[in-house]
Amino acid sequence: MNLAKLALRVNGRLEQREVDPRTSLLDLLREHLALTGSKKGCDHGQCGACTVLVNGRRINACLTLAVMHEGDEIETIESFAEGGALHPLQAAFVDHDGFQCGYCTPGQICSAMGMLQEWRAGMPSQVTQDLGQTEIALSAEEIRERMSGNLCRCAAYPNIVKAIAEVAERGA
Amino acid sequence: MREGADIFGWRERNKKPGTRREGNWLVGIGMASAVRGNLLQPSSAEVKLSQTGRLRVRTAMTDIGTGTYTILSQIAAELLGLEQGDVDVEIGDTDYPEAAGSGGSWGAASSGSSVFYACEALRTKLAAAAGFEPGAAVFENGLIRAGNKSRRIAELAGEDGITAEGKIEPGVLNDAYTQAGYGAHFAEVAVDADTGEIRVRRMLGVFAAGRILNPKTARSQAIGGMVFGIGAALTEDAVVDTRYGHFVNQDFAEYHIPVHADVPDIEAIYLPELDDKANPLKAKGVGELGISGAGAAIANAVYNACGVRIRDYPLTLDKVIAGLETQKK
Numbered sequence: 563m564n565l566a567k568l569a570l571r572v573n574g575r576l577e578q579r580e581v582d583p584r585t586s587l588l589d590l591l592r593e594h595l596a597l598t599g600s601k602k603g604c605d606h607g608q609c610g611a612c613t614v615l616v617n618g619r620r621i622n623a624c625l626t627l628a629v630m631h632e633g634d635e636i637e638t639i640e641s642f643a644e645g646g647a648l649h650p651l652q653a654a655f656v657d658h659d660g661f662q663c664g665y666c667t668p669g670q671i672c673s674a675m676g677m678l679q680e681w682r683a684g685m686p687s688q689v690t691q692d693l694g695q696t697e698i699a700l701s702a703e704e705i706r707e708r709m710s711g712n713l714c715r716c717a718a719y720p721n722i723v724k725a726i727a728e729v730a731e732r733g734a
Numbered sequence: 014m015r016e017g018a019d020i021f022g023w024r025e026r027n028k029k030p031g032t033r034r035e036g037n038w039l040v041g042i043g044m045a046s047a048v049r050g051n052l053l054q055p056s057s058a059e060v061k062l063s064q065t066g067r068l069r070v071r072t073a074m075t076d077i078g079t080g081t082y083t084i085l086s087q088i089a090a091e092l093l094g095l096e097q098g099d100v101d102v103e104i105g106d107t108d109y110p111e112a113a114g115s116g117g118s119w120g121a122a123s124s125g126s127s128v129f130y131a132c133e134a135l136r137t138k139l140a141a142a143a144g145f146e147p148g149a150a151v152f153e154n155g156l157i158r159a160g161n162k163s164r165r166i167a168e169l170a171g172e173d174g175i176t177a178e179g180k181i182e183p184g185v186l187n188d189a190y191t192q193a194g195y196g197a198h199f200a201e202v203a204v205d206a207d208t209g210e211i212r213v214r215r216m217l218g219v220f221a222a223g224r225i226l227n228p229k230t231a232r233s234q235a236i237g238g239m240v241f242g243i244g245a246a247l248t249e250d251a252v253v254d255t256r257y258g259h260f261v262n263q264d265f266a267e268y269h270i271p272v273h274a275d276v277p278d279i280e281a282i283y284l285p286e287l288d289d290k291a292n293p294l295k296a297k298g299v300g301e302l303g304i305s306g307a308g309a310a311i312a313n314a315v316y317n318a319c320g321v322r323i324r325d326y327p328l329t330l331d332k333v334i335a336g337l338e339t340q341k342k
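These protein sequences, in sequence, are chains A and B.
Residues in the first sequence are numbered from 563 upward in steps of one, following the working numbering.
Residues in the second sequence are numbered from 14 upward in steps of one, following the working numbering.
Same shape as in the complex, but just chain A (with noise of 0.2 Å):
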């Protein structure tokens, strides 16, 4: 097996490893480097537990390859909490009970963090009124929108929601 070598920073750190070309981005993160924050729902693609942040955008980690991403930056949830204190998203969460198991939770918050970076950036969605504004407000249903690639059994989408907004309305 011909292994590949590869350099990305990882929360801030660089990292090199030489691994099978075939590796996932989510694999490379929780197999190699330990980093099991991230988690692994589907594989798929289709649930959004895997979502972490590549240069500032939102992606299923399960759905790229490791050996894309020669130089890149990556953030993941391991990389929100400064010290001991929460991230202003972490909070909002524990605030208003935004999970029960957990599970989908890293993934929910690395996509709001990307999503409110989208939102910010003026980046309209699919039930965005008016594509012309450069303000966008961003609404319990702009929320709903840009939040539905993330999946949460526990169905603890109500409260999501709440603690978005909030941390949206704070300019967190």
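Some hints here could point you the wrong way.
Said to hold, decoys possible - Over the 12 Å line for every Cβ pair with chain B, so calculated as not near, a few chain A residues:
#1 GLY618
#2 ALA647
#3 TRP681
Stated by the list, open to error - With a straight-line Cα cutoff of 25 Å, these simulated DMTMM-like cross-link-like pairs (lysine to aspartate or glutamate) come out:
#4 A:LYS724 / B:GLU301
#5 B:LYS229 / A:GLU728
#6 B:LYS162 / B:GLU182
#7 A:LYS602 / B:ASP76
#8 A:LYS602 / B:ASP250
#9 B:LYS61 / B:ASP101
#10 A:LYS567 / A:ASP589
#11 A:LYS724 / B:ASP278
#12 A:LYS724 / B:ASP106
#13 A:LYS567 / A:GLU580
#14 B:LYS180 / B:GLU96
#15 A:LYS602 / B:GLU249
#16 B:LYS162 / B:GLU133
#17 A:LYS724 / B:ASP275
#18 A:LYS602 / B:ASP275
#19 A:LYS602 / B:ASP278
#20 B:LYS229 / A:ASP657
#21 B:LYS229 / A:GLU703
#22 B:LYS295 / B:GLU178
#23 A:LYS602 / B:ASP264
#24 B:LYS28 / B:ASP264
#25 B:LYS229 / A:GLU731
If you are wondering where the hints come from, they were derived from the structure by calculation, not from laboratory data.
For each residue, glycine too, the CB sits at the ideal point set by N, CA and C.
Assemble chain B onto chain A, guided by the hints.
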């Protein structure tokens, strides 16, 4: 039911189906009652107070996200007059005293009661160690108090700590009374007059399930159940290949569970109730009560919206369109 009807605005419902229209959307509301039998399973627990003042609770119970850690620490802390942070709950290991595990909405009642009894036994031991009459002893702020005398319970624990066990088993009350949690579901839906698409606009559940041990997590469980109801009513359909007996749609791309966009604002309310026939906590199961009847309320709302009565789940577009076509004839 009456409480929910008032909050939800049931009086504004048009009794004649298909008479409320907003653009292409036919709007209706529906309700259904919720009944979920209350179960109790044999369960046991051990509590140990150490010299440092920490209380360890051990039981072979599970926490599948339903909040076992939280409620067991609440129960133990309250009974022994400690802060919740002073309690270490250790579960999920079959080396610990045998418990029911999660299932059948019996977790809180069963494992909670075993911890309750274990703490009662510990209180009796501590009272004896302090030389107090057990019935007169009050536990608060880390102290055991009787009259004007008090001792720190951590001191009474000694070097080896002090241990007590508790156990619950279903008894005569299980046979003497029908036990259940009750509730009512309300749903508002919009049905597209041409495509048959159904959107749930809002839902309300009002429940009575005995003492609610933790309002926040109990509400979350009820909401979770109600969202299961949305999935059951509208999208979830496990198709079996009858030739080979396997499921045809075995992933999230083909077996559709509700996503964010399918779930509106949902409110769940618990009415105050104490059920002294259920268990020493007077609490009943909440998990599955939230789903019982939730789908039926949606199906009834669809009927109220467009006059199409569908009796097999899920209420997919083809069934709605077929019903709308029949109406036109």
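Evaluated hints:
1. GLY618: Answer for A:GLY618: holds, closest chain B Cβ roughly 22 Å.
2. ALA647: Given that every Cβ of chain B is farther than 12 Å from that of A:ALA647, nearest at about 18 Å, it holds.
3. TRP681: Holds, because the least Cβ-Cβ distance between A:TRP681 and chain B comes to about 14 Å, which exceeds 12 Å.
4. A:LYS724 / B:GLU301: Roughly 24 Å between the alpha carbons, so the hint for A:LYS724 and B:GLU301 holds.
5. B:LYS229 / A:GLU728: 18 Å, holds
6. B:LYS162 / B:GLU182: 36 Å, violated
7. A:LYS602 / B:ASP76: Holds - the C-alpha atoms of B:ASP76 and A:LYS602 are around 20 Å apart, at most 25 Å.
8. A:LYS602 / B:ASP250: 24 Å, holds
9. B:LYS61 / B:ASP101: Holds: B:LYS61 and B:ASP101 sit about 10 Å apart, inside 25 Å.
10. A:LYS567 / A:ASP589: 15 Å, holds
11. A:LYS724 / B:ASP278: 10 Å, holds
12. A:LYS724 / B:ASP106: 35 Å, violated
13. A:LYS567 / A:GLU580: 5 Å, holds
14. B:LYS180 / B:GLU96: Cα-Cα ~24 Å, so holds.
15. A:LYS602 / B:GLU249: 22 Å, holds
16. B:LYS162 / B:GLU133: 20 Å, holds
17. A:LYS724 / B:ASP275: 15 Å, holds
18. A:LYS602 / B:ASP275: 23 Å, holds
19. A:LYS602 / B:ASP278: 29 Å, violated
20. B:LYS229 / A:ASP657: 10 Å, holds
21. B:LYS229 / A:GLU703: Holds - the C-alpha atoms of A:GLU703 and B:LYS229 are around 24 Å apart, at most 25 Å.
22. B:LYS295 / B:GLU178: 20 Å, holds
23. A:LYS602 / B:ASP264: 14 Å, holds
24. B:LYS28 / B:ASP264: Not satisfied, since the Cα-Cα distance of roughly 40 Å exceeds 25 Å.
25. B:LYS229 / A:GLU731: Given that 25 Å is the threshold and the Cα spacing comes to 23 Å, the pair holds.
Hint check: violations occur at hints 6, 12, 19 and 24; the rest are consistent with the structure.
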